[in-house]
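First to last, the sequence lines map onto chains Z and G. Anchor point for the first sequence: position 307 equals 307 in UniProt numbering, and the numbering is continuous, going up by one each time. Anchor point for the second sequence: position 11 equals 11 in UniProt numbering, and the numbering is continuous, going up by one each time.
Don't take each hint at face value.
Every beta carbon over 12 Å from chain G, so not counted as near; a handful from chain Z, in silico [unchecked claim]: (1) E29; (2) S64; (3) E103; (4) L125; (5) G328; (6) L386; (7) E524.
Ranges between beta-carbon positions, derived for each pair [to be verified]: (8) Z/L54 with G/L15: 51 to 59 Å; (9) Z/G149 with G/Q31: 14 to 22 Å; (10) Z/P93 with G/A18: 40 to 48 Å; (11) Z/G165 with G/A18: 50 to 58 Å; (12) Z/P93 with G/Q31: 44 to 52 Å; (13) Z/A55 with G/A18: 17 to 25 Å; (14) Z/V138 with G/Q31: 36 to 44 Å; (15) G/L15 with Z/F73: 57 to 65 Å; (16) Z/A120 with G/L15: 18 to 26 Å; (17) G/L15 with Z/S164: 42 to 50 Å; (18) Z/L109 with G/L15: 17 to 25 Å.
Rather than coming from a laboratory, the hints here were simulated on the basis of the structure. The C-beta atom is built at its ideal place from N, Cα and C for all residues, glycine as well.
Below are the chains, spelled out letter by letter.
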Amino acid sequence: MGFVDVSGVRHTLPDGRVLLDDVSFRVGEGARAALVGGNGAGKTTLLRIVAGDLAPEAGTVSRSGGLGVMRQFIGSVRDDTTVQRFLVDLAGPAVRAAWDAVEAAELTLMETDDEPAQLAYAAALAQWGDVGGYDAEVTWDTVTVAALGVPHDRCKYRELSTLSGGEQKRLALEALLRGPEQVLLLDEPDNYLDVPGKRWLEERLRETRKTVLFVSHDRELLSRVADRVVTVEGGTAWVHGGGFAGYPEARTARHERMAELRRRWDEEHQRLVDLVRTLQQQAANSPDMASRYRATQTRLARFEAEGPPPERPPQQEVTMRLRGGRTGVRAVVAEQLELSGLMRPFDLEVWYGDRVGVLGANGAGKSHFLRLLAGQDVAHTGSWRLGARVVPGFFAQTHAHPEWLDRTPVDLLWHGEPGRPGVDRGRAMAVLRRYGLTNVADQPFRTLSGGQQARLQVVMLELSGATLLLLDEPTDNLDVLSAEALEEALAAFDGTVLAVTHDRWFARSFDRFLVFGGDGRVYESAEPVFDEDRVARAR
Amino acid sequence: MTMTDDLAHDSAVELAVARLVDEFRPRVRPQVVGTVVRSCRRDLSGVPATALPELVERLARTRLETVG
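Could you build the full structure based on these sequences and the hints that come with them?
If you want it as structure tokens, here you go:
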């Protein structure tokens with residue numbers, strides 16, 4: 001069994017800003033701790049410090065039980081890394097070093113087949129056996145069979161880039177959960193996993209006896225897995241000792257307590273300052289008051305030297321205003337609609353004010369359906385129409401806008417686009433302020449975090465005056481707080497919403513569900529359905 | 001003595017001796033081949049069993065080529 005003990009850790013950014021200070025927490029044996037915080041709060045930095053990739057400027061990190069790390073980039077590997085190399089890199093340092101030594105010795109032997117090279121190769125193989133390399137190879141076989149359905153020997157030279165994001169994640173998770181390391185650091189392990197994959201992950205994390213520290217933005221996963229929550233905010237970290245269900249209340253209570261302590265300190269400080277001033281005047285006329293004046297001065301100095309209690313962390317200002325507007329009663333009508341080759345024909349009526357969750361298998365045509373309603377050119381048969389005064393606003397997955405990459409938020413808002421008038425810099429800054437985007441207003445879109453990119457898209461929906469919101473995975477890449485702000489904005493939106501989502505927590509806020517089945521059937525459901533099979537297609 | 005007996009019955013040794021005796025006849029006497037192979041086997045004592053036959057034979061061949 002293993003543990004992680006972080007004590008008094010401090011980290012300063014290259015520009016001199018203190019990102020983390022006095023961070024202390026412990027993840028005890030067998031605990032499953034979630035690490036949460038806003039985008040840019042320092043979660044990944046803290047995880048890197050715990051992993052030993054970064055040395056803390058002050059403080060210590062103690063660990064026991066061997067460390068397995070899943071980095072955030074897993075799922076988007078596009079280089080020539082092979083399955084074998086990937087598994088070696090996930091193993092402990094001794095196995096990695098022994099593997100590298102065997103590879104180096106093999107290369108030497110291929111070039112110079114002499115006695116020293118042969119003995120060096122033999123020594124490398126002996127070391128491989130000593131560090132448990134042969135056991136690791138047996139584990140890798142189990143791992144590839146579980147994750148990819150083939151033995152290690154048949155896939156070890158396969159490039160990781162030929163696997164889907166979900167397969168890459170699954171491979172890493174199987175390796176870490178089955179490996180000997182007792183402490184796992186998982187940076188967004190659920191990214192790229194579909195809902196059955198997330199459910200599998202939840203079960204595995206709940207049943208493992210290993211100690212787990214993980215970062216996730218998936219509120220369902222957080223609530224099912226975490227038995228404590230470490231929050232990075234305000235430049236430090238604090239721990240909620242319970243599950244995610246009671247976390248929002250605990251966080252609010254903590255913030256209120258901090259604000260109250262600070263308010264009391266400020267009041268007491270002001271009282272002492274005023275008293276010193278009064279006594280100073282009185283001391284000029286009365287020697288008796290002089291000693292009281294000096295005593296109060298000393299008291300004030302001591303009070304100030306102790307310093308104020310920490311400020312309540314700055315609130316992430318996200319105030320989304322999706323106004324919408326009254327439209328015809330029927331917002332969307334489809335009759336015998338079929339997107340070519342993707343599904344069987346279906347009928348649909350969506351009423352003004354409906355909140356429709358669009359769920360179903362990957363590749364079944366959900367995003368295409370939304371794009372069709374947004375007015376884009378999507379091949380189809382059958383008919384569809386929007387109701388009176390229905391203005392569609394489309395929120396695409398963030399990678400779907402290559403033309404935005406080098407433009408700044410202010411520039412994008414200034415120029416506008418068909419259906420969305422441009423606004424001057426003053427109005428643009430005002431609306432960006434409400435979405436917590438002021439500090440990135442003049443940065444290229446490509447440099448914005450996923451959450452910031454998503455919020456900017458909501459800004460554009462607001463400015464377009466849409467009355468029908470078509471949202472394609474809007475909570476992907478949003479941190480927990482931003483996702484909740486989006487939900488609140490949608491709840492207050494005067495209009496109709498259709499949203500494609502795999503976010504189970506988000507889906508609960510919808511009242512109807514349109515399910516795109518893996519067999520081509522499109523049907524309505526009163527309850528969310530997340531276990532439709534992936535569409536099988538000849539590739 | 002015990003080690004020599006063990007080595008004499010080591011399949012990695014037996015197979016290598018058989019093949020190398022054929023390969024190096026008549027330049028190297030069978031007794032010399034056996035001695036060299038056993039010496040190689042001892043030098044490779046930490047190597048995992050599955051890799052041993054190949055490594056023993058390869059190392060012995062290298063050494064026999066220098067003496068032969």
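Unmet hints by their number, sorted upward, for this structure: 4, 9, 13 and 15
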